[in-house]
Amino acid sequence: MREDTAHYLTRVLRLAVGATFVAFDPATAREADATIASVDPSVVLQISALRAARVTARRPLTFVQGLAKGDKCDAVVRDATELGATCVIVAECARSVVQLQGARRTSRLERWTRIAQEAARQCGRADPPRIELLPWKDAVSTLEDDAQRFCLHVHEALPLGPLLLEALRTEGAPIAFAAGPEGGLTADEVALAMTQRWQCVSLGALVLRTETAAAAVLGAVRVLDS
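Mapping to the working numbering: the sequence shown position 30 is 30, numbers consecutive.
Treat each hint with caution, since some may be false.
Unchecked claim - Here are the simulated distance ranges between beta carbons:
| # | residue 1 | residue 2 | range |
| --- | --- | --- | --- |
| 1 | Thr-195 | Arg-111 | 28 to 38 Å |
| 2 | Asp-33 | Arg-104 | 21 to 31 Å |
| 3 | Ser-107 | Asp-33 | 32 to 42 Å |
| 4 | Ser-141 | Asp-40 | 25 to 35 Å |
| 5 | Met-194 | Arg-130 | 22 to 32 Å |
By construction, these hints were calculated from the structure, which means they are not laboratory data. On a predicted model such as this, the values are computed, not experimentally measured, just so you know. We treat Cβ as the ideally placed atom computed from N, Cα and C, and that holds for glycine.
Construct the complete structure from the given sequences, taking the supplied hints into account.
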C-alpha cells in the first residue's frame with residue numbers, strides 16, 4: 001500500500017485493526033469492502049470481491065481549464081472531481097504565464113492525477129476524472145461528438161442558464177465547459193472553439209476568478225442533475 005494511503009487510513013480517518021471501509025480501484029471504477037488486518041509494521045488489508053461502484057458520475061462531464069499560475073489548477077482539479085467531472089483538461093493557452101516542459105510537465109500532470117484520486121476518495125466516488133494536459137486547439141476538439149459545449153467568456157452576453165437547463169434534460173448526455181487562464185482567451189482561441197461547435201456563454205455581470213468558474217458551473221450541474 002502507498003504510504004500516503006496508509007497515512008490517510010490510520011492517521012486522518014484514525015481507523016484501527018478490525019475497522020472496515022470501502023476501497024476503490026480508480027483504474028476500473030470498481031470497489032470492494034476492506035478490513036484492516038494489521039497496522040504494524042505496515043498496513044495490511046483484507047479485500048473482498050470487487051463489484052461495480054455504487055457512486056460514479058451521472059454523465060460524461062468535461063471541464064477545460066486554461067493553464068493558470070500557482071496552485072489554481074490544483075483547486076480546479078479538486079473541485080471538479082468533487083462535483084462530478086469525468087475529465088479535466090488543462091489547456092495551454094496564449095495567455096498562460098506558466099510554461100511546462102519535460103520533467104516539469106510530467107510531474108505536474110502526475111500531481112493533478114493524484115489530487116483527483118484523493119478528492120474522489122474524500123467524496124466517496126470510485127471514478128476519479130481523467131486528467132490531461134493539452135494545447136488549447138487539441139483540448140477543444142477531443143470531445144464526444146454529441147457533447148453540449150459551453151465556452152465561458154467574460155465579453156459574451158448569451159446567458160448560460162437556459163442553455164444548461166436544456167442540455168440537462170437529456171439524461172446521461174455529455175456536457176463540456178471551457179474557461180481561459182487569468183488573462184482570458186484570445187479572440188483567435190474563441191474563434192477556434194466556435195469552429196468546434198462550442199457556444200460562447202456568460203455567467204452574468206460578476207467577473208469570476210479563473211479558478212472559481214469550474215466550481216460555479218459544475219456546482220450548477222451537480223444541483224440540477226441530482
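Looking at the structure, which of the earlier hints fail to hold?
-> Violated: hints 2 and 4.
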